[in-house]
Amino acid sequence: MPDIGNPNFFKIYRGRYPYTDANGATHYVMVGNTGEVVFMDALTSNANKILGQMATEATPTENIIFLARTSSDNSIGWVRVKSDGVIDCEKANQVYQLRGISYNMSLNWYK
Numbered sequence: 543m544p545d546i547g548n549p550n551f552f553k554i555y556r557g558r559y560p561y562t563d564a565n566g567a568t569h570y571v572m573v574g575n576t577g578e579v580v581f582m583d584a585l586t587s588n589a590n591k592i593l594g595q596m597a598t599e600a601t602p603t604e605n606i607i608f609l610a611r612t613s614s615d616n617s618i619g620w621v622r623v624k625s626d627g628v629i630d631c632e633k634a635n636q637v638y639q640l641r642g643i644s645y646n647m648s649l650n651w652y653k
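Residue numbering for the sequence shown follows this note's numbering, beginning at 543 and increasing consecutively.
These are computed hints drawn from the structure, not numbers from a lab.
So the derived label-pair ranges between C-beta atoms look like this:
1. T568 / R622: 18 to 26 Å
2. R558 / S617: 24 to 32 Å
3. R622 / N565: 13 to 21 Å
4. T568 / G642: 15 to 23 Å
5. L609 / G577: 14 to 22 Å
6. N635 / T576: 29 to 37 Å
7. K553 / K633: 31 to 39 Å
8. S614 / G577: 26 to 34 Å
9. G577 / N616: 26 to 34 Å
10. S617 / M582: 17 to 25 Å
11. N605 / R641: 19 to 27 Å
12. N605 / G642: 18 to 26 Å
Heads up, simulated BS3-like pairs for lysine-lysine below, C-alpha to C-alpha not over 30 Å straight-line:
13. K624 / K553
14. K591 / K624
15. K591 / K633
Each residue gets a CB set at the ideal place from its N, CA and C atoms; glycine is no exception.
Take these sequences, add in the hints, and give me the full structure.
Right, here's the structure in full:
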């Protein structure tokens, strides 16, 4: 039987879910019980400005857009998690520092 922690203490996270980047590598996001999705890695955009495909459990019902720093040219660019799970961005061939950035998908509760 897996360790599920102390049953008398509330759980903060629903789980860790895998998603794929534009090159097919696996990365993970943490999904909280309140609908918060937290990125755990930096991602590199391809020539089509795609960063990856989000896990179904962390895909919002409406597009989410936020700003992130690019380490390639040390600027700020937008990142979008679309309702179909595609993660795209403003600039091609850039490394976006997403580690620790989060968005809330609480609208999914009302599907």
